[in-house]
Every structure is written in structure tokens, then in C-alpha cells.
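Student: The chain contents come next:
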Amino acid sequence: MNMAALDKPQVVVHLHRSLDYTVFDCRWIPRSARLVCLGNRARGSGLLQLFELTRGELKLVKEVEKATPFKCGTFGAANLADRHLATGDFSGTLSVWNLEAPEVPVFSAKKHNEIINCIDGVGGLGIGEGAPELVTGSRDGTVKVWDPRQKNPVANMEPMEGETKRDCWTVAFGNAYNQQERCVCAGYDNGDIKLFDLRTMSLRWETNLKNGICSVEFDRKDINMNKLVATSLEGKFHVFDMRTQHPKKGFASVTEKAHKSTVWLTRHLPQNREIFATTGGAGTIHIWKYGYPPQRSRKDSNGDRMGVAGCVTLLQNVGVATQPISGFDWSPDKQGLCACTSFDQSVRVLIVTRLNTV
Amino acid sequence: MDGGTWEGESSGSGRGKPAVETLDFGFIETCTNKRQLEHILITLRSGEEGWYPDLTQFCEKKLETVAPESRVLHPTKPAVYVSELHGPQRHTIETELEEWQEAMQACAEHLGGDWSCLFEDKLPPVRSKGDVAKSKELPEACGLQKSRKTCHIRSTDYSAWDKFDVDKECEQIDLEPQARKAEKTAMNLYLPKLEQSVNIAGLSEVEKWLVAEREKNKGNEALQAMDYTEAVAYYTRSISALPTTAAFNNRALAKLKLEQWHGTVQDCDHVLSLQPRNVKAFLRRCTALRGLGQLQEAQEDAFQALQIEPGHKQAQKLLHDIEKLAVNTGVEVQRLQGRWLEVTDVGRTHNGDHDCNKHSGL
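Quick mapping for you: the protein sequence lines, in order, are chains W and A.
Residues 1 to 358 in full-length UniProt numbering are what the first sequence spells out, letter by letter.
Residues 1 to 362 in full-length UniProt numbering are what the second sequence spells out, letter by letter.
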């Protein structure tokens, strides 16, 4: 091994805990060493488990069982004082839970007809200006934006009459840098990516990447939208430069092959937006870094500005599980600390070293 | 077979086997084509042409010299467990985590400022219901409570004109050419209408610190992406939440890049009033003063920096530049050659100016 390899970030498994249910998602509770895992019991109920990282072990602190399986969760719209968890479940219900008193949800609404595949939040935790809002994407083909102060969704993105409904696999907030601006990006099973502008309530951009979009995420939600990573079913991911939108060509992007199987997730490091992780169908985790080109845009022959994509470098690649990694979350408070859940029915706490020197 | 035949080959699948004569020490030795070497290595590893451990190793070594970043050299390996690490590395990771867990427990008690006031007074109203696909042309969502500063004021709207601040607008216009200069490298088609302050009403001290830290971090990222105007805005927001010398010092650097000399000097003054031995602040102020043509003051700052860190490369270069500039323009600066030569003897190297993230903490 040469010196360069020794300077590279290293992915180290800190803890590994087997679970007795299918786990879909995990989230760090902000400003704590605690972690929430969400999933599906074999008997068909939903399970929410709260773990605490303490003295070298992952201690189960609380367990909550509900009638319908949980699919996804987020703290994105929560405030730091009560840190309510928002979840989407198999029945299409969006719920918000106070983890101190999880018997009844503090908010609940069933407006999706089918499973909620994905959820994201913004405006809480000091991330993003403006009102706290949630967005959910469902198999019923709709994407709904919610304000927890109101029972009905505040925005609803669905195919026009006559269009076929596609399964929405992933949603993400972005561009929330002031009180007015806010965007939602959604990825669908047919490879469609749609960017909705919530200020103008219009479809701002759409493209098709030919293969199902498993995960989309902006590098940061609370800045003038900068980059978007989209991962796809056939082992590729795309990084779009979201600063320059060409009237015809849209956003410039760079494509990278990874994992040799479905790229299930992408998650940006909260402490450095240019670093992100992707997780693969074979239980692998790759850590990437994006580099900007010398000029981020240029003029085309018509004088219109078009973006110039940068490049991505692989910092590290490791195998962690034998099954797809369905959930991954960086700790917002400790750089390099992350947790992942996999279909081998386990949760792992990982540490990625040397991220501050790349 | 020469390297040219491999041009245009994709690194993906769907290619044939390499010719047998290429699976040879002599050939690999002379080959410098990354793709060809990768291809040979993959074939050797697969064992399709037989098993040659020495040749495989030789090929790996060669590829490493030609293209150390090649993916073929870094196949996905199982992740290491902490328990398998060497003593010191394991110890560092474990103690760091323990400390962090304790810090998290301690901070749990400081959370929970009175957020209710924030919710009631400061939150924008609920967005009006919208249906995006069905009404693509819907002009604008309601729920925008802020007045739009960039809107043109109608000529008949006298009360609005009364409020129009001419000085402020002029200042804005003055600032623009500098912003445009930065645009050459950092592309930002429309400058975001960023609020210059963060709403921190009702937050506890820890929460203010968190907000300030986050905004500063965004500033650092913008600075590294060469979006200097944006960086200044984020540092300003960080300072509005909780003034820290690091944020002032980094903003000074961002302003320096935008050639906003006065702003740089002001921010550095602030840093130096709190940290009188901050070398970076001296150097940034020195550069700004040179830009303003105040060569004597600039020279004094460079001296100060050299006194704190003798042999500082950048300080020496600045001093040199200032003296040259002084000769060219005929301005009289202190001739302290002796003092300046004396410090150059100390041959220590120092990092440059792009060090914002060293302050970023977290």
C-alpha cells in the first residue's frame, strides 16, 4: 500500500447490531448520540427503535410498535427543542411523533393512497429559511408538501389527467436560502427527475435518466441550489451543477459508474457539501468528492449561459454488508460518524476518518 | 500492438481479451497506457489466461506508477472493524467518540430555548394550497410576507419613493463592479437575495452558536467554490447570530478576494482588537492596505506579522512587493532592510492564505 492510500479516508465499522425485523431507514437525533431505526416486523406491524451510543455499545433505549410498517423518517422539519420525528408508512400516512411520548402522533394525515416511499424536511434545526415543511413521495404517483400546522398538504404534484402515474421513489428539498425560495426534487421509477419550484408553483425542470431514480439529494438544502446528486437503478449516479440552467439543455452533469449494482442512496456530508456517500445493492459504501471546473459556466453559440460540470473522485470504497444498504445517515454533529441499515437485518455505526484533510 | 489501438475503449464491460503477447514482463514494463494496463491486470486477476502471481503483482506495481488513482487498484474490500485497528488509531477513535458522547449529553441540557415565540411571530404563514401539474402557470404562491426589495417602485407610488434610500442604492451600485469581477471565476448568474441576518429570537446560547457555526461553514464552502459574494453574505449572517473572530477573519479574506479593501481593513481591525497576535489578520489587512495605496501602514502590518512569526513566506513576499511598489510610485516607506533581512534567515515554511477551514472547528 502506498502513502497516498494511507492518507485516504478510511471507513471503519464501530458497532454492528443485528435486528429481528426488516429495517428501512435510520436517522440520528440531532444534538444527541441517539439513533432511530424504522422498519417492518414479520407479523406486519411497524417498529421504531431508539438506540443510544454509549460506552462502545448501541443500547436499545425505546421501542415503539405501530399497526402499519414504517418506510422512512426525517428530523428535517423539527426544531431543536422537541426534535419531533416525521415518518411515512406503508398505508400512505404521514405522522409526526414526539419521541418522549410516542403513544399518539402529534400530527397525522392519510392523503396518499399507497405506500409513502420517501420523505424529506426543511425549515427546522436552523436548516433552511422559512416555514418548516415536509415533502412525501408515494407509489400513488403524487408528491405532497406539508406544513405541520395544517392537516391538508399545501402543495400537490401529480401527473396531469391522462398521464400514467409513476412510482415516486425519492424526494428532496433544496434552494431554501431565503423565506420565499424553495424547491422540491422528485425521482421516479421510470427515470424521470422533476424539479418543482414551490415559490412559483411550477415545474422548473425535468429530465429522464432512462433508469429508475433511487435517490436524489441537494448538497445543501439551505443555499442557493448548488449541486444535485441522483442515483439510479443500474449502478450509475449523476451530479448536476444546479447554478446554471440553460434554456434548452437544462443543467450540466457528470455521470459516474459505481457499485456494479443499484445505487440505493446518496447522502452528503453535513460538514462539507463536496463530499458524499453512495450505497450499493451489494452492501457497499463509496465516499466521493466533487471538484469544480475552473469555470462553472460558459456561453454557447447563442449567447446563452450553460453550466460546466466538474468531476468526482472516489475517496474510499468498502463492503459493509451482504445485502443492499437501505438507510444511511451522517451524524449532523460529529464529522465522519454515520449509521447505516441493511436488508441483512442489522444496523451499523461507522466512522469515516480523515475527512477534514481531503 | 501499440497504445493507440486502445483509444476510445470504454473502461466498462464489453471488450475482448488483451492479446496474449501483452501478458508479458517486457511488454508491461514498457507500457504506459492506463487502460491497457488495467485491462491486462483484470485479465491476469481473473485467471482466464492462467495464474501468474508474480506477473500480476508486477502489473499492479506498474499501474500504480502510471495511474495511482486507477479504480482497478482499489477494489472494494470489506470494512475494517474498530477492534481490528492498531492500538493508537483505535484509541484515538474511541476516546474521540467517548468525548463526543459526553459533550452531547451535556448539551442536551442547554437545548430548548423558547421556540414558541419563534413559531408564533416569525414563521411565514402556511403556504396556500397549490397544484403544480394542473396549474403550471399559477403566478405566485401566497405566503410571501417579505416585501420584495428588488421590485421596481411604481412612479405613482409616492410613499414608497419616500422610503427609498438613495445612499444605500448608490452603495449597492458601487459594490457591483467588484462583484462582477469575481464572477469571472465564480459563476453565479443571479445573486441570491440572502437576508443579511439570521432570525435568532428566542434561541438559547447553544442554539445561537449552532446557527452561527452552520452559517460560517456555508461561508467556508462558498469561499472554496470561489463564490466570494456569497461567502461574505454567509459570514455576515454567522456574525449576526453570534460574532466570532473566526467569522470576521474569514469574511476579511472573502472581501479581500472581492477587492473590497475598506471592508477587509474593518474586519481585520475587529479581529486584531480581540486577537492582537493574529498573523492572518495582519496579512489580510496588509494586502488590503496595499490595495488602497497606504503603503506605510501596509508595511507596518507585514512587519508585525513577521515579528510574530519570523520567516513567514507570505509576509516576506508582501513586504518585498510593497517595497518595490514604493520605489515605483515614489512613496517613502521605512527602510528597514536590516530588520527584514534578519528575519529571512529563519527558513521556515508556512501555509498560504486559503486556510479558512482550519477555523471551522466542529
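No lab work stands behind these hints, which were simulated from the structure alone.
These numbers were taken from a predicted model, which means no experiment stands behind them.
Heads up, the beta-carbon is just placed ideally off N, CA and C, and yes, glycines get one too.
You may find that some hints are simply not true.
[Stated by the list, open to error] Derived Cβ-Cβ restraints for the label pairs, each shown as a range:
hint: 1; chain 1: W; residue 1: 293; chain 2: A; residue 2: 125; range: 35 to 45 angstroms
hint: 2; chain 1: A; residue 1: 105; chain 2: W; residue 2: 161; range: 29 to 39 angstroms
hint: 3; chain 1: W; residue 1: 344; chain 2: A; residue 2: 96; range: 19 to 29 angstroms
hint: 4; chain 1: W; residue 1: 295; chain 2: A; residue 2: 29; range: 38 to 48 angstroms
hint: 5; chain 1: A; residue 1: 291; chain 2: W; residue 2: 295; range: 50 to 60 angstroms
hint: 6; chain 1: W; residue 1: 54; chain 2: A; residue 2: 71; range: 36 to 46 angstroms
hint: 7; chain 1: W; residue 1: 294; chain 2: A; residue 2: 320; range: 21 to 31 angstroms
hint: 8; chain 1: W; residue 1: 293; chain 2: A; residue 2: 86; range: 37 to 47 angstroms
hint: 9; chain 1: W; residue 1: 162; chain 2: A; residue 2: 60; range: 51 to 61 angstroms
hint: 10; chain 1: W; residue 1: 294; chain 2: A; residue 2: 71; range: 23 to 33 angstroms
hint: 11; chain 1: A; residue 1: 32; chain 2: W; residue 2: 344; range: 58 to 68 angstroms
[Said to hold, decoys possible] Quick partial rundown of chain A residues pointing at chain W, CB under 8 angstroms, derived from the structure:
hint: 12; residue: 62
hint: 13; residue: 80
hint: 14; residue: 107
[What the hints assert, rightly or not] So these bits of chain W aren't anywhere near chain A, every CB distance computed over 12 angstroms:
hint: 15; residue: 67
hint: 16; residue: 125
hint: 17; residue: 129
Student: Check the following: the C-beta atoms of residue 32 of chain A and residue 344 of chain W are separated by a distance inside 58 to 68 angstroms.
Tutor: violated (43 angstroms)
Student: Quick check: does the Cβ-Cβ distance between residue 54 of chain W and residue 71 of chain A fall within 36 to 46 angstroms?
Tutor: With a Cβ separation near 38 angstroms, residue 54 of chain W and residue 71 of chain A satisfy 36 to 46 angstroms, so the hint holds.
Student: Determine whether the non-interface label on residue 129 of chain W survives the test: each CB of chain A must be over 12 angstroms from its CB.
Tutor: violated (7 angstroms)
Student: Is it true that the C-beta distance of residue 295 of chain W to residue 29 of chain A lies inside 38 to 48 angstroms, as the hint says?
Tutor: Distance hint for residue 295 of chain W, residue 29 of chain A holds at roughly 40 angstroms.
Student: Restraint: residue 62 of chain A near chain W, CB-CB cut 8 angstroms. Satisfied or not?
Tutor: At about 13 angstroms, which exceeds the 8 angstroms cut-off, the nearest Cβ of chain W leaves the hint on residue 62 of chain A violated.
Student: Using the C-beta atoms of residue 344 of chain W and residue 96 of chain A, is the stated range 19 to 29 angstroms upheld?
Tutor: Hint holds: Cβ distance 28 angstroms, inside 19 to 29 angstroms.
Student: For residue 293 of chain W and residue 125 of chain A, compare the CB-CB distance with the range 35 to 45 angstroms and indicate the outcome.
Tutor: holds (41 angstroms)
Student: May I ask you to test the interface hint for residue 107 of chain A with respect to chain W, counting a Cβ-Cβ separation under 8 angstroms as satisfied?
Tutor: holds (6 angstroms)
Student: Take a look at whether the Cβ-Cβ distance between residue 162 of chain W and residue 60 of chain A falls inside 51 to 61 angstroms.
Tutor: holds (58 angstroms)
Student: Are all beta-carbon distances from residue 125 of chain W to chain A longer than 12 angstroms?
Tutor: violated (8 angstroms)
Student: Is it correct that the beta-carbon of residue 67 of chain W has no partner in chain A closer than or equal to 12 angstroms?
Tutor: Holds: least Cβ distance 29 angstroms, greater than 12 angstroms.
Student: Between residue 291 of chain A and residue 295 of chain W, does the beta-carbon spacing fit 50 to 60 angstroms?
Tutor: Because 25 angstroms falls outside the window, the suggested range is violated.
Checked against the numbered hints above, the structure violates hints 2, 5, 11, 12, 16 and 17; every other hint is satisfied.
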